[in-house]
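Top line first, the protein sequences correspond to chains A and B. First residue of the first sequence? That's 1 in my numbering, and the numbers climb one at a time after it. First residue of the second sequence? That's 1 in my numbering, and the numbers climb one at a time after it.
Keep in mind that the hints are not guaranteed to be accurate.
You can't tell identical chains apart in this list, so a pair holds if it fits in one copy or across any two.
When the alpha-carbon atoms are kept at most 30 Å apart in a straight line, the in silico DSS-like pairs for lysine-lysine are as follows [as the list claims (entries may be wrong)]: (1) LYS59 x LYS5; (2) LYS244 x LYS304; (3) LYS267 x LYS88.
These aren't lab readings, by the way, just hints derived from the structure by calculation.
There are 2 protein chains.
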Amino acid sequence: MDSIKVKCPGTVANLVCGFDILGLALNEPADIMELRLLDEPRVLIRNRDAFNLPTDPEKNVAGVVLLSVMEKLGGQTGFELTVEKHIKPGSGIGSSAASAAGAAVAANHLLGNRFSTEEVVQFAMNGEKLASGVKHADNIAPCILGGVSLIRSIHPLDIISIPAPDLYVTVVHPQIEVRTADARQILKQQVLLRDAIRQWGNIAGLVTGFMKSDYDLIGRSLEDVIIEPVRSILIPGFDEVKQKCREAGALGGGISGSGPSIFMLSKEEKTAQEVEAVMRAVYTRIGIDFNTYVTTINKNGVEKIS
Amino acid sequence: MDSIKVKCPGTVANLVCGFDILGLALNEPADIMELRLLDEPRVLIRNRDAFNLPTDPEKNVAGVVLLSVMEKLGGQTGFELTVEKHIKPGSGIGSSAASAAGAAVAANHLLGNRFSTEEVVQFAMNGEKLASGVKHADNIAPCILGGVSLIRSIHPLDIISIPAPDLYVTVVHPQIEVRTADARQILKQQVLLRDAIRQWGNIAGLVTGFMKSDYDLIGRSLEDVIIEPVRSILIPGFDEVKQKCREAGALGGGISGSGPSIFMLSKEEKTAQEVEAVMRAVYTRIGIDFNTYVTTINKNGVEKIS
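So that you can see chain A by itself, here it is in the shape it has in the complex (with noise of 0.2 Å):
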């Protein structure tokens, strides 16, 4: 095999209450990654899509990760990369991380799959780094493992998987600017004691939800008193929005990532196109382009399609 053809999914890191920590996978949107090995130590990278983004593999997310691979290998194997980019850059859904869990997992498999998931994940984490200045796993751990994914550490990096029921997920896109790195630098670097143990009550509330599909307490730990309070208010609409898809019945919902998106779970494919209908209604008055998906939670990560 010398060449493969890759679909890798989007993901909603944080939520809500597990922020840098957990991350899920989304069966739309997703990207097309198709790899092929070189024999020269080089990586070429060919964009299929309108995004413009850069080809020079030291500026690309992807080419990136790849040349972390061609280091390690040191030898004279190079890549060449053709990109189809479904997932728009900057929407807070993992863009970046689908391009380079997919160019990891991806590159592992044309080297007859040499390397651990660890050492995938800590591949694709470069991607990352440049991406955002953060090697930050929480989007690249569950689109490379599918399903919820909790970073338990980074340094050293602890992975779990995290059992979770069947639900769906509602996503809207409002297409203003919000960069990762502009969302980081906003937080503050202390907080409360007493919010810290409100947000680590919601956590083990959370996790305990997804483990024992208990969709109430799902609902009631997607609370954030830490970081949603400040970063929301780089989204227009955001208060208006998860108040009225908490009425139209989601299970709860917050910031995917460090936005723009916001991201709804709700327990019914119903529920989960009513939640659309608010989203889109009320980005439609506000007067704000916007995209929408109504998906579920991806169970395999990246995943080979030929």
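Dock chain B against the given chain A, drawing on the hints supplied.
Here is chain B on its own, set in the frame of chain A:
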């Protein structure tokens, strides 16, 4: 039925990374309480132990609980309580919670279980308020319910039982005084966001470890970067006990409640006994009197024994 005898288990609150939100019940030590209905609205307390706790119900943890039940009843019913305490007051293994929870559960039994578990917890929390100035439930909840309890939230009260595998618990109570109120006062009111993130990763890991019966994950997650570094200063020998118990094979552990007791979890009974030997050796050498217990997680909570 106008009289009941109950066994009220000791408890370990916080469980290292779960400050104020997690606790588990122990099979040993436990208090014995006998409660009898009176046909006049008063609370009588008799102590059948050597701890010399106040018998004035307004100054007694179980007493204030019974007074709050009596007030709720609003009629001519009162209580006569006989207490045989085995959990040393101030030991950090839920002595006040056992008194409070035992009184509340026993009273509810005698009254035909007319109150919900949540109401019983609320009655019992009045006892914790007297003991420590704070209405916390991380000892009360596991004492009443058995097993491992998550207190997701106090306002509104939201208690969730966390399934956990069989585990051995070794406890050492070095006989120095650490007042709960003091242990609370030395905590910083602000914490670094970076530390809070590490803490909630560990909490999510611990809960997942319990629910997956993943002993290694339980061990890795028993890390506290916020409370332990401050509170452990009040407990001579803490760092040495912790390090040597880990070397002896304990999964991990730390301060029980607000101390001074230290607890360690082990997968095997033999390890738990070796951990006990380590604890004994340290405090014998330091020259502080101590008690130790090697026990298991109590699954039933406060139990009627006659």
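Hints and how they fare:
Taking CA atoms no more than 30 Å apart as the test, LYS59 paired with LYS5 passes inside one copy only; the shortest distance there is 22 Å, against 73 Å between copies. Proximity of LYS244 and LYS304 under a CA criterion of 30 Å is satisfied in neither setting, with 38 Å inside one chain copy and 48 Å between copies. Only within a single protomer do LYS267 and LYS88 lie at most 30 Å apart by alpha-carbon distance; the minimum there is 26 Å, versus 48 Å between protomers.
Checked against the numbered hints above, the structure breaks only hint 2 and satisfies the rest.
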